[in-house]
Amino acid sequence: MPVPPAFVILANQRPSNQRIVKLFRHPFCLLSFALPPQLLLPLQFPPRWALSSTSPPTSISAHAMMLLRSTFAQNAPRALQTSTVRGMASAVAPGPRYDVSESAGVKVANRDAPSSMGSLILVAKAGPRYQPFPGFSEALESFAFKSTLKRSALRITREVELLGGEISTTHSRENVVLKTKFLSNDLPYFAELLAEVASQTKFPAHELNEHVIKLLKYKQKAFFANSEALADDLAHGLAFHRGLGENIVPGLEVPIEKYLHVDAIAEFAKQVYVKPDIAVVGSGPNSADVSKWAGEFFKELPSSPSSALFKPRPNVASKYFGGEQRVSSKAGNSIVVAFPGSSAFGTSGFKPELSVLASLLGGESTIKWTPGFSLLSQATQGFSQLRVSTKNHAYSDAGLFTIAVSGNAAQVTAASKTAVDTLKKVAAGEVSGEDIKKAAALAKFRALESLQNLDTGLEATGSALINGSNPYDAVELAQAIEKVTEQQVKDAAKSAISNKASVAVVGDLFQLPFAEDLGLTV
Amino acid sequence: MPLASWHANAAGYRQLGLRYDDLLPEESDTVQTAIKRLPAKEAYDRIFRIRRAFQCSLSHTLLPPADHTKPEDDVPYLSNIIVEVEKEKKEREELDNLVVKK
Chain W
1 MPVPPAFVIL ANQRPSNQRI VKLFRHPFCL LSFALPPQLL LPLQFPPRWA LSSTSPPTSI
61 SAHAMMLLRS TFAQNAPRAL QTSTVRGMAS AVAPGPRYDV SESAGVKVAN RDAPSSMGSL
121 ILVAKAGPRY QPFPGFSEAL ESFAFKSTLK RSALRITREV ELLGGEISTT HSRENVVLKT
181 KFLSNDLPYF AELLAEVASQ TKFPAHELNE HVIKLLKYKQ KAFFANSEAL ADDLAHGLAF
241 HRGLGENIVP GLEVPIEKYL HVDAIAEFAK QVYVKPDIAV VGSGPNSADV SKWAGEFFKE
301 LPSSPSSALF KPRPNVASKY FGGEQRVSSK AGNSIVVAFP GSSAFGTSGF KPELSVLASL
361 LGGESTIKWT PGFSLLSQAT QGFSQLRVST KNHAYSDAGL FTIAVSGNAA QVTAASKTAV
421 DTLKKVAAGE VSGEDIKKAA ALAKFRALES LQNLDTGLEA TGSALINGSN PYDAVELAQA
481 IEKVTEQQVK DAAKSAISNK ASVAVVGDLF QLPFAEDLGL TV
Chain X
1001 MPLASWHANA AGYRQLGLRY DDLLPEESDT VQTAIKRLPA KEAYDRIFRI RRAFQCSLSH
1061 TLLPPADHTK PEDDVPYLSN IIVEVEKEKK EREELDNLVV KK
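Protein sequence lines correspond, in order, to chains W and X.
Using the numbering used here, the first residue of the first sequence is number 1, and each one after it goes up by one.
Using the numbering used here, the first residue of the second sequence is number 1001, and each one after it goes up by one.
Where hints are given, some of them may not hold.
[Claimed, not checked] Listed next, with one range per pair, are the computed distances between beta-carbon atoms:
#1 W:E253 <-> X:S1005: 50 to 58 Å
#2 X:K1090 <-> W:A288: 36 to 44 Å
#3 X:T1030 <-> W:E253: 36 to 44 Å
#4 X:E1027 <-> W:F510: 55 to 63 Å
#5 X:E1084 <-> W:S306: 22 to 30 Å
#6 X:E1084 <-> W:S328: 40 to 48 Å
#7 X:H1060 <-> W:S306: 54 to 62 Å
#8 X:P1071 <-> W:D263: 27 to 35 Å
#9 W:K292 <-> X:L1098: 56 to 64 Å
#10 X:D1029 <-> W:T157: 44 to 52 Å
#11 X:V1099 <-> W:E364: 46 to 54 Å
#12 X:H1060 <-> W:L252: 48 to 56 Å
#13 W:S328 <-> X:K1090: 48 to 56 Å
#14 W:H241 <-> X:P1071: 57 to 65 Å
[As the list claims (entries may be wrong)] With a straight-line cut-off of 25 Å between C-alpha atoms, the simulated DSS-like cross-links for lysine-lysine are:
#15 X:K1036 <-> W:K258
#16 X:K1090 <-> W:K146
#17 W:K181 <-> X:K1101
#18 W:K437 <-> W:K425
#19 W:K299 <-> W:K146
#20 X:K1036 <-> W:K202
#21 W:K214 <-> W:K258
#22 W:K181 <-> X:K1102
#23 W:K202 <-> X:K1041
#24 W:K202 <-> X:K1089
#25 X:K1087 <-> W:K146
#26 X:K1041 <-> W:K214
#27 W:K146 <-> X:K1089
#28 X:K1101 <-> W:K150
#29 W:K214 <-> X:K1102
#30 W:K292 <-> W:K150
#31 W:K299 <-> W:K311
#32 W:K217 <-> X:K1102
#33 X:K1087 <-> W:K214
#34 X:K1087 <-> W:K202
#35 W:K500 <-> W:K319
#36 W:K330 <-> W:K424
#37 X:K1089 <-> W:K214
#38 W:K150 <-> X:K1089
#39 W:K150 <-> X:K1041
#40 W:K425 <-> W:K490
Derived from the structure by calculation, the hints contain no laboratory data.
Quick reminder that beta carbons are idealized off the backbone N, C-alpha and C, glycines included.
Looking at chain W on its own, in the form it has when it is part of the complex (with noise of 0.2 Å):
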């Protein structure tokens, strides 16, 4: 049979694309091979056989019963292990452990989980702390995977699709993140493509104009359409004016297309995804793998920035402010009152007593039907068009206690005064044991889960590895949560509320309250 042109291109281009040729052998056809022809025989069967009830002749039942057999004595440890891991579940089992090593000068941490998929990130220090201009970090989280200079961004999508992986990208405060899972076959396939959108994108004008501006209206549109996003916003601005401060996503009203230029991104780039600055986090394959493939790939990155133009901006310490700000908006009505918080785990101003607060305040139950036995849920009971949750927001060098409220106006001014009294009780003492110690249990979950989870552990890892801090251990995690006693959540309260607090008001002005009436000071 006559090779088809298109696939000789694609087949021949790389040395890696041989995955794809291997690809192209369906699973199935090498069984086929490996069976025995009188096994095969009677598999083909008339379709009609497979569809009534009327049961095989007995040489394919003898034949059925083998290969059971094996799957299934093949399957029977492995269910065996799942079964006592669970059994020790009241311990602390020791968590995914990273391998952390350095290839070529790049960070790479590893969890080893034997499985048949894999994850490979790529986090850079690049969020908006650091982009020198509005938007910079946006257009670079969205040039990634676009055209490079070996291949076109169709064609990326194309071969991703033919290995059947997945590629994303997202940017937190601090950093820009370039995930990919695949099969864990595929893992050179994907550590080259990291490695190639991290050093030789094109950034064509006409990419930038026909699709990264484009999408970037619509996340921000998106984004004013979220009245507790932006709220939630406009606290960090609040707090920390500048760095950690600076929107997520650019103002509708910023002119984002007088600094937004192709070879500024372009310089930017080359600025931000050098060897110090970034780290590849991956989950699943092998760590020697891992290490290798990276190393092999990511050496041609620069070891320092090459010029002082676009560079990104200087890592300046954290300074928590504080203020008031009321945005006016018709997309719902938000109140976010925030705190100083606690940093990432592994840092200096880390403080586990604030995940406990933040359990203990919660306002999202975890459980089906039942509020739960977190204060503010239990205070907001009798609302049913609100919304409250509190999270820690944790950085590399700060972190933000919020408490953000959200849903119909008159609610969301009721609830965001009650939730402001509940957080003063707890400071004055007037909280039970048992509530403090539920609260220290899913605070233990929800951290955990969170470094179980690959969406978030990944970028956690990728992050403490930047900021040259240890990789989250879920061990001292889980221990660092359990020592926290009753009268430090209980002084973390008295601190927050007697700090100067950021009360972000979106929605409603005319209803919604003051600072001053919640009893806070600003």
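Let chain W serve as the given structure and place chain X on it in line with the hints.
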């Protein structure tokens, strides 16, 4: 090539202040996409040249010799973008018709 430059001068578009790439037929998706991708200054200059040439054509005049397109200015500015767009289209077509061999 002396013969080529003689031919380009004899074709007469340089006397109207045009460049060779201004003459390319633009009634196709490919060329329209390429024109959209021109940098702002190039796109403006292109329209200016075409309008000036059109004016000359209406009034049956040529530009004064100082305004004629100089051979060193007569460089391809659009055809390279057209080639790129064509390449993209060809690649898409090839990938669309890809046969996966198992």
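We went through each hint and held it up to the structure:
no. : hint                           : in the structure
1   : W:E253 <-> X:S1005: 50 to 58 Å : holds, 54 Å
2   : X:K1090 <-> W:A288: 36 to 44 Å : holds, 41 Å
3   : X:T1030 <-> W:E253: 36 to 44 Å : holds, 37 Å
4   : X:E1027 <-> W:F510: 55 to 63 Å : holds, 57 Å
5   : X:E1084 <-> W:S306: 22 to 30 Å : holds, 27 Å
6   : X:E1084 <-> W:S328: 40 to 48 Å : holds, 47 Å
7   : X:H1060 <-> W:S306: 54 to 62 Å : holds, 57 Å
8   : X:P1071 <-> W:D263: 27 to 35 Å : holds, 30 Å
9   : W:K292 <-> X:L1098: 56 to 64 Å : violated, 31 Å
10  : X:D1029 <-> W:T157: 44 to 52 Å : violated, 21 Å
11  : X:V1099 <-> W:E364: 46 to 54 Å : holds, 50 Å
12  : X:H1060 <-> W:L252: 48 to 56 Å : holds, 53 Å
13  : W:S328 <-> X:K1090: 48 to 56 Å : holds, 52 Å
14  : W:H241 <-> X:P1071: 57 to 65 Å : holds, 58 Å
15  : X:K1036 <-> W:K258             : holds, 19 Å
16  : X:K1090 <-> W:K146             : holds, 18 Å
17  : W:K181 <-> X:K1101             : holds, 24 Å
18  : W:K437 <-> W:K425              : holds, 17 Å
19  : W:K299 <-> W:K146              : holds, 21 Å
20  : X:K1036 <-> W:K202             : holds, 19 Å
21  : W:K214 <-> W:K258              : holds, 15 Å
22  : W:K181 <-> X:K1102             : holds, 23 Å
23  : W:K202 <-> X:K1041             : holds, 22 Å
24  : W:K202 <-> X:K1089             : holds, 18 Å
25  : X:K1087 <-> W:K146             : holds, 16 Å
26  : X:K1041 <-> W:K214             : holds, 22 Å
27  : W:K146 <-> X:K1089             : holds, 16 Å
28  : X:K1101 <-> W:K150             : holds, 24 Å
29  : W:K214 <-> X:K1102             : violated, 39 Å
30  : W:K292 <-> W:K150              : holds, 22 Å
31  : W:K299 <-> W:K311              : holds, 21 Å
32  : W:K217 <-> X:K1102             : violated, 42 Å
33  : X:K1087 <-> W:K214             : holds, 24 Å
34  : X:K1087 <-> W:K202             : holds, 16 Å
35  : W:K500 <-> W:K319              : holds, 12 Å
36  : W:K330 <-> W:K424              : violated, 31 Å
37  : X:K1089 <-> W:K214             : holds, 21 Å
38  : W:K150 <-> X:K1089             : holds, 17 Å
39  : W:K150 <-> X:K1041             : violated, 29 Å
40  : W:K425 <-> W:K490              : holds, 9 Å
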